[in-house]
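*Asks:* Residue numbers (the numbering used here), protein chains in the order written: chain P, 1 to 295; chain L, 1001 to 1259.
Hints in this document: simulated from the structure, not taken from any laboratory.
There's no promise every hint is true.
DMTMM-like, lysine to aspartate or glutamate: derived pairs with alpha carbons at most 20 angstroms apart [as the list claims (entries may be wrong)]:
(1) L:Lys1159 with L:Asp1090
(2) L:Lys1225 with P:Asp254
(3) P:Lys201 with P:Asp185
(4) L:Lys1173 with L:Asp1157
(5) L:Lys1173 with L:Glu1161
(6) L:Lys1225 with P:Asp249
Stretch-level coverage of chain L by chain P, calculated; a stretch enters the list once three of its residues show a Cβ under 8 angstroms from a Cβ in chain P [claimed, not checked]:
(7) 1003–1012
(8) 1108–1116
(9) 1134–1141
(10) 1213–1222
(11) 1238–1244
Beta carbons are placed, not taken as given, at the ideal position from N, Cα and C, and that holds for glycine.
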Amino acid sequence: MSEVALLLQSRSAVRAWRARPRVMIAGVLGFYALVYCLPMLVLLSWAFRGGGGVWTLANLTHLLSDETYSVVFVTTFRMAAVTTMVCTIIGYPYAYLLATAGPKARTLLAAAVMIPFWTSVLARSLAWVILLGRRGVMNDWLVSMGLIDQPIQMLFNGIGVQIGMVHVLLPFMVLPVWSILARLDVGLPMAARSLGATPLKAFLHVTLPLSMPGVTAGATLVFMLAVGFYITPALLGGPGDITIATLIDTVIRDLLDWPFGATISLTLVAIVGAIFALGATIAGGGRIAGLENHG
Amino acid sequence: MSGSRLCLWILAVLTMVFLLAPIVVIIAVSFNETSLFTFPPPHWSTRWYVSLWQSRSWREAGIFSFTLASLVALAALCLGVPAAYGLARDRFYGHKLLEGLLISPTLVPAIVLALGLYMLFSPMHLIGTALGLFLAHTLLALPIVLIIVAAACRRLDPKIELAARSCGATFAKAFCLVVLPAIRPAIISAGAFAFLTSFDEVVLNLFLGGPSTTTLPKKIWESVKFELDPTLTAVSTILITVSVGALLLSTVTRRDRSS
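Same shape as in the complex, but just chain P (with noise of 0.2 angstroms):
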């Protein structure tokens, strides 16, 4: 009751006050209209330049024309398909342990993924280096151990790329399934099990089902960071390797083409979009974009 006095008798206070929001915005928005909009804006119009100011989508037609850039668009999906699923298989089942184990277990395994997580993604793909090159440590363990004879290419063609992204990506899926993961109620599994399912039956009919937004995100998540990754390729892959992300920079840096750097760099934003457009419509943007809550 005294609330709905104090509110009552402050009307025109909190009416001030609930204008004041809008005014603390501004500067960001300032900031990002010539920050991150124009940018984006100088990047499209360049997509759309000629020889001579005129505008073309002769660019546009070039990329999807040339059979050069298709093997890179499908390399680059390939690439970014594989780490989802080998980022869901492994991330789901420690994200299950990490909902569901005591508090001391819980910090060791969150820990495991957050001091990776906010680690120099250039100090750890340099660690693969060390790890996985030629007379790296992993070959040297190999040898010694009697198990392989010869030193194995693990650097430069494919597989690599494959283990630094995983990494790097990991706890992309594992924070958005053990957010939903901690959020289930344990009574439902439970009550599954008293009906009499079978542990594994209850997961499957239960736990799982519900926390398919969770993988859903972490999926979209894991797909749209791998599609336009470009560290860990360009550090990690070999000459079959080309990504569109790795694309973009010889095309502006080696040709400095620039119009066509830009049309490659405006259908990487459209497919980056598409693909999280459907992980929305299917798990909530905001569950996809909302990760860093746990950071």
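With chain P's structure known, arrange chain L on it following the hints.
*Replies:* Relative to the frame of chain P, chain L by itself:
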């Protein structure tokens, strides 16, 4: 412990080894006495750290990285904290869309952002300048600040602020003396992660950086393309230490609050 639980734990331990092995190995290798990357090192030494310290270019890159990241964190907090408060308090038409826009720089591929900024900054002669990097890094740090601080503002009871207002505090006074102290843990961890975002950034620096604006990650990148030098493992160890430090700072400040 049931059989399936044991299986889960075996899988989880293997995953933990996979997640932490590269970090452990690179730290250990950085203390190697020889220039070979053997693990575990047969002889330990700190010679790569000494050579790092003695190199003027590495020292300068380190100082530049640290200064840039501090300024970026500060700017991202100054812009981001009021905005996050506004986002959490206000309910207007299309605010979900606005939130999506504000978070989206983390989802747009870094190389596309870098290219857009490169094309914008080139005619403005901002390529290779500290200002260009500062603006670009702040854009990447802002979504993180917004997410962390807005979540804290939403958990905050609006009544305490109304109480301050009804006691005669102006809006600014209530914001500074009531809201800000209440969300301090979130501000600290947002600042730490904003710092880290700038400190570890590579792709933007490759496009927007120049010889006078070399950060640690950019120098690592340039060196690794040339030759895999043991000093790189020492710099990587420093980057990892800074990350773990930021993570600890954030965890500790949050734990203080909950207890």
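*Asks:* Let me make sure I understand: some of the numbered hints might not hold for this structure. Which ones are they, in numerical order?
*Replies:* none
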